[in-house]
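**Student:** If you want the building blocks of each chain, they are given just below.
There are 4 protein chains.
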Amino acid sequence: MKPVCLVMGAGAGIGGNVGKRFAAGGYHTVLCRRSDEAGLQQLVSDIQAAGGSATGYLLNAIEEGSIEERVSAVEAEIGPIEVVIYNLGAQIGDRTLADTSYKAFEMGWRLATFGLFRMASAVCPKMEARGKGAILVTSATAAVRGNAGQHSHAAAMGGRRMLCQTLNAQFASKGIHIAHILVDGMVDAPDTLGRMLGADVFQQLRAAHGGEQDGLMLPEEMAETYFHVAHQHRSCWTHELDLRPYSELAWWNH
Amino acid sequence: MKPVCLVMGAGAGIGGNVGKRFAAGGYHTVLCRRSDEAGLQQLVSDIQAAGGSATGYLLNAIEEGSIEERVSAVEAEIGPIEVVIYNLGAQIGDRTLADTSYKAFEMGWRLATFGLFRMASAVCPKMEARGKGAILVTSATAAVRGNAGQHSHAAAMGGRRMLCQTLNAQFASKGIHIAHILVDGMVDAPDTLGRMLGADVFQQLRAAHGGEQDGLMLPEEMAETYFHVAHQHRSCWTHELDLRPYSELAWWNH
Amino acid sequence: MKPVCLVMGAGAGIGGNVGKRFAAGGYHTVLCRRSDEAGLQQLVSDIQAAGGSATGYLLNAIEEGSIEERVSAVEAEIGPIEVVIYNLGAQIGDRTLADTSYKAFEMGWRLATFGLFRMASAVCPKMEARGKGAILVTSATAAVRGNAGQHSHAAAMGGRRMLCQTLNAQFASKGIHIAHILVDGMVDAPDTLGRMLGADVFQQLRAAHGGEQDGLMLPEEMAETYFHVAHQHRSCWTHELDLRPYSELAWWNH
Amino acid sequence: MKPVCLVMGAGAGIGGNVGKRFAAGGYHTVLCRRSDEAGLQQLVSDIQAAGGSATGYLLNAIEEGSIEERVSAVEAEIGPIEVVIYNLGAQIGDRTLADTSYKAFEMGWRLATFGLFRMASAVCPKMEARGKGAILVTSATAAVRGNAGQHSHAAAMGGRRMLCQTLNAQFASKGIHIAHILVDGMVDAPDTLGRMLGADVFQQLRAAHGGEQDGLMLPEEMAETYFHVAHQHRSCWTHELDLRPYSELAWWNH
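Protein chains in written order, with this note's numbering: chain A, 654 to 907; chain B, 654 to 907; chain C, 654 to 907; chain D, 654 to 907.
Keep in mind that a hint or two might mislead.
Which copy is meant is left open, so a pair is good if it fits within one copy or across any two.
For lysine to aspartate or glutamate, the following DMTMM-like pairs were computed, each having C-alpha atoms within a straight-line distance of at most 20 Å [unchecked claim]:
| no. | residue 1 | residue 2 |
| --- | --- | --- |
| 1 | Lys756 | Glu716 |
| 2 | Lys756 | Glu722 |
| 3 | Lys827 | Asp752 |
| 4 | Lys785 | Asp867 |
| 5 | Lys756 | Glu717 |
| 6 | Lys655 | Glu735 |
| 7 | Lys785 | Glu735 |
| 8 | Lys779 | Asp752 |
| 9 | Lys655 | Glu874 |
| 10 | Lys655 | Asp699 |
| 11 | Lys785 | Glu728 |
Please keep in mind that the hints were generated in silico from the structure rather than gathered at the bench.
Small disclaimer: the values here were computed from a predicted structure and weren't measured.
Model the full structure from these sequences, guided by the hints.
**Tutor:** Pasting the structure below:
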């Protein structure tokens, strides 16, 4: 039986590509995303066409019980979850305080912080009982510095980073590898960056920085680092690392 | 008319003592706390007996509209709020993940993170219109490192720190001084530390570290730093500082 | 006998103004700087004219034994050093790696890092024996992020920050207050910023940001925070704080 | 012609094992260390016996010109240096300030900070001209927090970390990947940890934490992460990551 890699937030960017990488590496990948059944099935088909094994679910992570039930069902019906990719973000673009509704602020927390807490509450006891597991969390610059207009996103990601450290402090010695992957740059991802910017701006951005210029982060290449981190020997685990294009300044330089 | 200092979380520790300091420094202090009418009135009386001016309110910050209405009422009935002391915490002691309920996790966020967001949403537009104001936020070690058992607290405080940076990025240049005061040690405060530890343990702690040993942070002395920060010249504002007893190791050393 | 405040790097900016503030607060201030005898005597005269007490010395901190001998002489001839202001910097402007000579790199370390180590080696045993003392270190953004062109400065200041933490870990519990004051903005200081930029550019900068705009840090106002920190009650000491003009973005935002 | 990987500090721990990994991955590895000709030749023989290619040099990095001349000679005689592993440390164990001589403090800087600056000065122009290269720097917890007794080490490593950020700010966009690898735990390395602790203590430590317990970091496993980082796609480079055994608390938790 293949080990299971559960991806929360499996769009055409980081989530989907990390899913593909783990499938290629011998995992059964369970892909979860909120919408776009066609996109989801495409990912599953791509994986299967490449000789891998995958299942897809539409799942609204905000909904009560949704994450918890999916974890239970996967464990019961597919197999033990060895790796979780927590890839749900809350980036809604820059908004002034006046333009950030209570609802938007709460939504950021529900998706990015509380969702991870619920996931950990569901999956850590199982991983702890087995003495192994990994939870890789896709994070963002906003986890380490609050910038103008990032009220919701920074609060959510900053809370999430501290949650990751707390989980790590409790569970690393139980064999659960928690990794906080700080994505400090723009990802060449139509489902997230593309949607946020709109098709036209996204194409301009790709023309200016993408392609051979390698100025947009390629999710299929990022996936190599996710896979590496999940397979580090337990005598030398990484808890936090950053990723950015060679051509971009690090967050602390701008 | 005296400028107003609004204290959210005015117990017998930091909140009450900072309130007293601002009252002594010429402010009308508005003290808000969730419970203990008698304790609240004692604080008001103490301030008045010392020649100062204060008003007290019982207020459940979790309740919808509670913070927002208090801000409106104070501005309408007492005067412009020049300084906010946001002193609501969410420390519930160390609990394993299994022992941290969804409700406890959410409560931490509601008090420490969302409450500050609501406060800022209510008060920043008024301060911005006047071109001045200060929001001093009492923070904790958990804002910068997640430790075992701190799932709720660290997520809440880490989110709050990033929110403070975001508020600062938008509002400092409008004349609003946001300060994040990292309290990295135990405060000699019966209403918070005392309640968390229980009377007996608290007295043992006081015997071992308090009094002339100065190993517990004296809230009336901490208040001097709050007052100083709120009155720094605007050409040289502090956004973040730490406070701890001389006799304690800094958080990064243990 | 007045307590002594020893200022290393007493120009017309932070050093000189902090010296004045401590003199006004009852200290005998010992001012040390490398050159400009006239400027030094002007500071001494200003302090005396204001009713304070001061002595000035020209001192090349790079020179072997210079700091050590000054500390000994002050203790022997004037009195116990209660506060050290270590204000020697190593900012030489932005230079590419190719334009940063080995000598320039080493000079940064000698002034900013090794000089503080020598000062601490000389003064800490005396402070420890007396059970009290304070060393306030003027630091810079380069201590927490390396930016392009800052090879020498960032290496020196980053090393210094870690040295401050190490000193604090050993000496805080002995009553020695080490504070690392992160100056994250341009100081209205003719002797340092003025010299680095040249008179013309400095005047343009003053016209654009100084005066009533308060966009340049006023050293006489910064001095208030130095004085406050040095006098915090030992139950609540600050080890690190930042200072910047309200109108400037924090380093992490640009 | 094979690309060259130049290892500064090639003992039986991280340096030697990283060298082996790069040799196995197709590099000609140049191993440099200060002493122990026999140990050096053993490493070279091991690599050759495994089908790899290596050269070894005894080199005192402190000595004027030593690093610079080795870089020139390797480029002239062997080939273009694609990867530098800068693995020279300065850990001398915990010493009080009184027990840290000026010489020890300076030695830390010369090995850990100035040595890297000299290496970068020698190799970056060549890498920049070729539009590619990587410098992987082995770092330590002392780079991010100064602990008691770490006066020399923390100052050296803290300066080095800021230097790495400065190098990165100038050279990443030129195709040079600078990575700062924070080793936050004890490495199962007889030449460094073993020598520092002494043979007996080291064996006790191994018995208590090593072997199947995986509580000591295995340098041959750490080498996998070094190799991975050096081969990340340039659209998603890591500048900083930490490594520690699963069974150890992160530095911020103790």
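**Student:** As a check of your reading, is lysine 756 near glutamate 716 (CA-CA no more than 20 Å) within one copy, between copies, both or neither?
**Tutor:** For lysine 756 and glutamate 716, both the intra-copy (15 Å) and inter-copy (15 Å) Cα distances are at most 20 Å.
**Student:** Quick one: lysine 756 to glutamate 722, C-alpha cut-off 20 Å, is that within a copy, between copies, both, or neither?
**Tutor:** Classified as between: cross-chain Cα gap 18 Å, same-chain 25 Å, threshold 20 Å.
**Student:** Should lysine 785 paired with glutamate 728 be assigned to within, between, both, or neither, using CA atoms and 20 Å as the limit?
**Tutor:** Only inside one copy: lysine 785 and glutamate 728 sit 15 Å apart there, 45 Å across copies, limit 20 Å.
**Student:** Taking 20 Å as the upper bound on the Cα-Cα distance, should lysine 655 and glutamate 874 be classified as within, between, both, or neither?
**Tutor:** For lysine 655 and glutamate 874, neither the intra-copy (23 Å) nor the inter-copy (24 Å) Cα distance is at most 20 Å.
**Student:** When Cα atoms must be at most 20 Å apart, do lysine 655 and glutamate 735 count as within-copy, between-copy, both, or neither?
**Tutor:** within (10 Å within a copy, 38 Å between copies)
**Student:** Checking lysine 785 and glutamate 735: alpha-carbon separation at most 20 Å within a copy, between copies, both or neither?
**Tutor:** Classified as within; 7 Å inside a copy, 37 Å across copies.
**Student:** Which holds for lysine 655 with aspartate 699 at a C-alpha limit of 20 Å: within a copy, between copies, both or neither?
**Tutor:** Classified as within; 18 Å inside a copy, 36 Å across copies.
**Student:** Within, between, both or neither: how does the pair lysine 756, glutamate 717 come out at a Cα-Cα threshold of 20 Å?
**Tutor:** both (17 Å within a copy, 13 Å between copies)
**Student:** As a check of your reading, is lysine 827 near aspartate 752 (CA-CA no more than 20 Å) within one copy, between copies, both or neither?
**Tutor:** between (43 Å within a copy, 17 Å between copies)
**Student:** Which holds for lysine 785 with aspartate 867 at a C-alpha limit of 20 Å: within a copy, between copies, both or neither?
**Tutor:** Cα proximity of lysine 785 and aspartate 867: across copies only (14 Å, versus 36 Å in one copy).
**Student:** How do lysine 779 and aspartate 752 come out at 20 Å by Cα distance, when the copy is not named: within, between, both, or neither?
**Tutor:** Cα proximity of lysine 779 and aspartate 752: across copies only (16 Å, versus 41 Å in one copy).
Hint violations for this structure: number 9 only, all remaining hints satisfied.
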